[in-house]
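K.L.:
Sequence:
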Amino acid sequence: MVSRSYSNLLDLTSGGDSPTFGRGGRRLSRVATVAGVLSELDDESRSNASDAPSSVTQERMIIVGNQLPLRAHRRKDGEEGWNFSWDEDSLLLQLKDGLGEDVEVIYVGSLKEEIDPSQQDDVAQTLLEMFKCVPAFIPPELFSKFYHGFCKQHLWPLFHYMLPLSPDLGGRFDRSLWQAYVSVNKIFADKVMEVINPDDDFVWVHDYHLMVLPTFLRKRFNRVKLGFFLHSPFPSSEIYRTLPVRDEILRALLNSDLIGFHTFDYARHFLSCCSRMLGISYQSKRGYIGLEYYGRTVSIKILPVGIHMVQLQSVLDLPETETRVAELRDKFHGQTVLLGVDDMDIFKGISLKLLAFELLLSQHPDQRGKLVLVQIANPARGRGKDVQEVQAETYATVKRINQKFGRTGYEPVILVDKPLQFYERIAYYAVAECCLVTAVRDGMNLIPYEYVICRQGTEKLDATLGLNPTAPKKSMLVVSEFIGCSPSLSGAIRVNPWNIDAVSEAMDSALIVSEAEKQMRHEKHYKYVCTHDVAYWAQSFLQDLERACRDHVRRRCWGIGFGLGFRVVALDPSFRKLSVEHIVSAYKRTKHRAILLDYDGTMTVRNSISKGPNAEVISILNSLCRDPKNIVFIVSGKDTKTLTQWFSSCETLGLAAEHGYFVSKPEVDDSLLLKFICLRVVSATRGEALWCLRCFKLTNNILQSLSFISYFGYSQTNQDIPVALEKIRSILITVLSMQAVQLQNNIVLGVVVIMVKLGLGASMVEAARVWFWPNHDAKWETCVAVVDFYWKQIAEPVMSLYTETTDGSFIDSKESTLVWNYQYADPDFGSCQAKELLDHLESVLANEPVTVKSGQNIVEVKPQGVNKGLVAERLLETMQKKGTVPDFVLCIGDDRSDEDMFEVIMSAVASASLSPVAEVFACTVGQKPSKAKYYLEDTTEIIRMLQGLASASEHSAKHVSISPQRVIIDRE
Numbered sequence: 001m002v003s004r005s006y007s008n009l010l011d012l013t014s015g016g017d018s019p020t021f022g023r024g025g026r027r028l029s030r031v032a033t034v035a036g037v038l039s040e041l042d043d044e045s046r047s048n049a050s051d052a053p054s055s056v057t058q059e060r061m062i063i064v065g066n067q068l069p070l071r072a073h074r075r076k077d078g079e080e081g082w083n084f085s086w087d088e089d090s091l092l093l094q095l096k097d098g099l100g101e102d103v104e105v106i107y108v109g110s111l112k113e114e115i116d117p118s119q120q121d122d123v124a125q126t127l128l129e130m131f132k133c134v135p136a137f138i139p140p141e142l143f144s145k146f147y148h149g150f151c152k153q154h155l156w157p158l159f160h161y162m163l164p165l166s167p168d169l170g171g172r173f174d175r176s177l178w179q180a181y182v183s184v185n186k187i188f189a190d191k192v193m194e195v196i197n198p199d200d201d202f203v204w205v206h207d208y209h210l211m212v213l214p215t216f217l218r219k220r221f222n223r224v225k226l227g228f229f230l231h232s233p234f235p236s237s238e239i240y241r242t243l244p245v246r247d248e249i250l251r252a253l254l255n256s257d258l259i260g261f262h263t264f265d266y267a268r269h270f271l272s273c274c275s276r277m278l279g280i281s282y283q284s285k286r287g288y289i290g291l292e293y294y295g296r297t298v299s300i301k302i303l304p305v306g307i308h309m310v311q312l313q314s315v316l317d318l319p320e321t322e323t324r325v326a327e328l329r330d331k332f333h334g335q336t337v338l339l340g341v342d343d344m345d346i347f348k349g350i351s352l353k354l355l356a357f358e359l360l361l362s363q364h365p366d367q368r369g370k371l372v373l374v375q376i377a378n379p380a381r382g383r384g385k386d387v388q389e390v391q392a393e394t395y396a397t398v399k400r401i402n403q404k405f406g407r408t409g410y411e412p413v414i415l416v417d418k419p420l421q422f423y424e425r426i427a428y429y430a431v432a433e434c435c436l437v438t439a440v441r442d443g444m445n446l447i448p449y450e451y452v453i454c455r456q457g458t459e460k461l462d463a464t465l466g467l468n469p470t471a472p473k474k475s476m477l478v479v480s481e482f483i484g485c486s487p488s489l490s491g492a493i494r495v496n497p498w499n500i501d502a503v504s505e506a507m508d509s510a511l512i513v514s515e516a517e518k519q520m521r522h523e524k525h526y527k528y529v530c531t532h533d534v535a536y537w538a539q540s541f542l543q544d545l546e547r548a549c550r551d552h553v554r555r556r557c558w559g560i561g562f563g564l565g566f567r568v569v570a571l572d573p574s575f576r577k578l579s580v581e582h583i584v585s586a587y588k589r590t591k592h593r594a595i596l597l598d599y600d601g602t603m604t605v606r607n608s609i610s611k612g613p614n615a616e617v618i619s620i621l622n623s624l625c626r627d628p629k630n631i632v633f634i635v636s637g638k639d640t641k642t643l644t645q646w647f648s649s650c651e652t653l654g655l656a657a658e659h660g661y662f663v664s665k666p667e668v669d670d671s672l673l674l675k676f677i678c679l680r681v682v683s684a685t686r687g688e689a690l691w692c693l694r695c696f697k698l699t700n701n702i703l704q705s706l707s708f709i710s711y712f713g714y715s716q717t718n719q720d721i722p723v724a725l726e727k728i729r730s731i732l733i734t735v736l737s738m739q740a741v742q743l744q745n746n747i748v749l750g751v752v753v754i755m756v757k758l759g760l761g762a763s764m765v766e767a768a769r770v771w772f773w774p775n776h777d778a779k780w781e782t783c784v785a786v787v788d789f790y791w792k793q794i795a796e797p798v799m800s801l802y803t804e805t806t807d808g809s810f811i812d813s814k815e816s817t818l819v820w821n822y823q824y825a826d827p828d829f830g831s832c833q834a835k836e837l838l839d840h841l842e843s844v845l846a847n848e849p850v851t852v853k854s855g856q857n858i859v860e861v862k863p864q865g866v867n868k869g870l871v872a873e874r875l876l877e878t879m880q881k882k883g884t885v886p887d888f889v890l891c892i893g894d895d896r897s898d899e900d901m902f903e904v905i906m907s908a909v910a911s912a913s914l915s916p917v918a919e920v921f922a923c924t925v926g927q928k929p930s931k932a933k934y935y936l937e938d939t940t941e942i943i944r945m946l947q948g949l950a951s952a953s954e955h956s957a958k959h960v961s962i963s964p965q966r967v968i969i970d971r972e
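For the sequence shown, the UniProt record's numbering assigns the number 1 to the initial residue and increments by one for each residue that follows.
Don't read these hints as lab results, they were simulated from the structure. Incorrect hints may appear among the rest.
To be verified - Restraint ranges, calculated between C-beta atoms of paired labels, are given here: (1) R286 / V103: 18 to 28 Å; (2) V103 / K611: 49 to 59 Å; (3) T458 / R286: 39 to 49 Å; (4) R74 / L467: 36 to 46 Å; (5) P419 / S514: 29 to 39 Å; (6) E238 / L465: 40 to 50 Å; (7) S854 / S619: 27 to 37 Å; (8) Q519 / S854: 41 to 51 Å; (9) R547 / F789: 36 to 46 Å; (10) Q823 / E88: 50 to 60 Å.
The beta carbon of each residue, even a glycine, is placed where N, CA and C say it ideally should be.
Throw the hints in and build the complete structure from the sequences for me.
P.N.:
This is how it looks when you write it as structure tokens:
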């Protein structure tokens, strides 16, 4: 069977059992490309086949880089065609040593040489069969826009902290170059799709040339095991945010499972950009850093790459190396050699290094004639005016220094600007007393690592240099603070390359350090470099990638979004979207319902300008509360005063304030039913009003009496309202002498409401409401007994300290809790301060009966045992005691505090707290990891669903008789 992706071209070319394709006739088809055209970017048919099974189970790693690790040479003797060989210096080839012999490696990338279109099929076939390489052939014009345009003019300068402040500094953003960049990434994606087995293969994408490739691969294969490693710096958010396509690149990278960086600084900058521009915060758990992105955890890997020890050792042992070392030994006899090895570009700081060396010779005349700086300048990888300027400045500075301090037989600066063989460079390492790497910005830079290994030497080189093979080796490093290898070289002298004086002093210090200290520094560096080579780096990355992809199989995945905004939602198999039709159907079938609703982020958009509920929300809540089958609670973190003010018009609504510490219980007893009847009458016809009263089993005599009282009340409108109401009360007591006393006041209120229907003014109704209905403030009770809040005197000064030092933060003091809120502060600084505050509060409150928790832009201190789950637990227990075991439970929330409610609700399913056939709906807002089993996308969908339930209640009130519920939440 051939994979649905037609991916196993290796099997096809090796004569597999496929009934369709044979080895002889199969050729890799070229991808038709047009500059600036994004083909198949939104091909939904390809995305839908993401989960297709594959017939291949062998573990493979597909390594994708801008260039294949190959060297190409045209055939000689007039023959057409090409000869290919491995490029031993390529990192992509070297990392293979760390993947293990049991891992098959396939390479996808472009070739440095331009291949004629007529030869591309044959070349592709040859590379696939002989090297397991899949070439991406890119038209020259498109490649120029991609590499020399967007990569080198926009990304590379920006990632090295150079802003395009003028046309001469990188140039203005060119949309056509961006389109070329995306198009080339799409070509690479098509090539990966030709060979990938999505169920088993790992894909490892390298560097900034291919940063949008993860989106194309994730779109085609939702569960692809995808890692990305950035070999350049990642700039701070202040720099990166200037990029017009910043969001597209960030979201594309987040379609990876694992993103690797050389240093924590680079990772920190990336995480800061995700937080500031996408609102995605990271979490650190058990040493691993991760970002929650639509249900997927995108892991962050921080590990600098190493060198290839085997290759370096083999070159050290070459006879050519020994010969070249002997030549350099004789050339620099009696002189101390300082060595610099850099590319000829604007970020390597060659001119700054030369100025520092010039200053050293000026301040230390005794070093003239003894000190030599050998500067190896590798050809620049880019091109343009800036490269020409660097070359001109370098040549001029070298010429000036040599004219100023040179003499016959002594040249202070030796500039080597021609390409060197690897063994020649190693020879320079071996004779250099100190290596200078003073780049103003560099992603990693492995020159110091190579230098340390070469200074360790071999027996043959020791003999050539006249060293004792058993004596400890020595080396000195002066490195820039702004290169990726700097943090790992703790024994190096770190400098700010822009500070010429400091670099000059560092050069001098490296020369006068004692021999013992040089040996100690060398030994420290040598141990690190040997144990953290490229194989270790690759093996560690693969292990973390396997861990990051471990849950792919059991997660349900589907894609959303268009173009580069595409992303995959990955959720637990039991976590699904709540169907309005399904819940309304269950709602209609049930008789004892418990409904618990969060407010912020659920009933209204979090952080919206208007905090209170709108008329639509109040109307829906009232409709739900009027249904006697329902017990409805708003469970919020707001204080009692705010909730009372907002929901005073919802008389039978239960309220839980401050995450369940306070509860305002609805009077769900006889009085509740009468109040329901009264409210129902307001919007009813006279016939419906009589029906409501009959539902409460009032006799015809009473109905006649109520009609008389209504008429009497109406006729007394010219009297004082309290007097009229008192007369109504007296008549009711006489007429209803056989009824329970507790019903009297409520029936009076019912009569008054009926009087409104008959035409009585609203003033009397309001007077009756104030007179007969209890004050809402008096109904608040505590669910947890707290003797004292003396701990606030400890916590509040600590919070005040952080409020003063964190602009935009404030303290929200409630009766039972203290909340430090930093939603208006700088996201990074606020988060940092919140972590510090959390640790500080946990320390000073360690012996107090409180809980310190962090939430969404808050740090909260509250009494132990107080959480929203307590409200849900008490409600279910109370209903069970009253004999009205719920057969329908709806619980909705949007943040971490609501998870306690979900946990109680879901655990109650297996207990006697619910009916055996209970319909349980724990629903969170948004697609994210949760203890809830359902989700709705946003508050709009929540309101639409609740409106559906409210409409069902209104409809059933006209056709179904009411079965009274009598429940009061008890305080334990």
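K.L.:
Are the hints correct? Go through all of them and say.
P.N.:
Taking the hints in turn, this is what the structure says about them:
For the pair R286 and V103, the supplied restraint of 18 to 28 Å holds, since their beta-carbon distance comes to about 26 Å. Between V103 and K611 the CB atoms are about 56 Å apart, so this pair conforms to the stated range of 49 to 59 Å. Range check, T458 to R286: about 42 Å between beta-carbon atoms, so the 39 to 49 Å window is met. Between R74 and L467 the C-beta distance comes to about 45 Å, which sits within the given range of 36 to 46 Å.
Our hint of 29 to 39 Å for P419 and S514 holds, since their Cβ atoms are close to 38 Å apart. E238 and L465 have their C-beta atoms about 49 Å apart, which keeps the hinted 40 to 50 Å range intact. In this structure, S854 and S619 meet the distance hint of 27 to 37 Å, their C-beta atoms being roughly 36 Å apart. A hinted range of 41 to 51 Å holds for the C-beta pair Q519 and S854, which are about 48 Å apart.
Taking the beta carbon of each, R547 and F789 are about 45 Å apart, inside 36 to 46 Å as hinted. Separation of Q823 from E88 is about 54 Å and conforms to the stated range, judged on CB atoms against 50 to 60 Å.
When the structure is compared with the earlier hints, no violation turns up for any of them.
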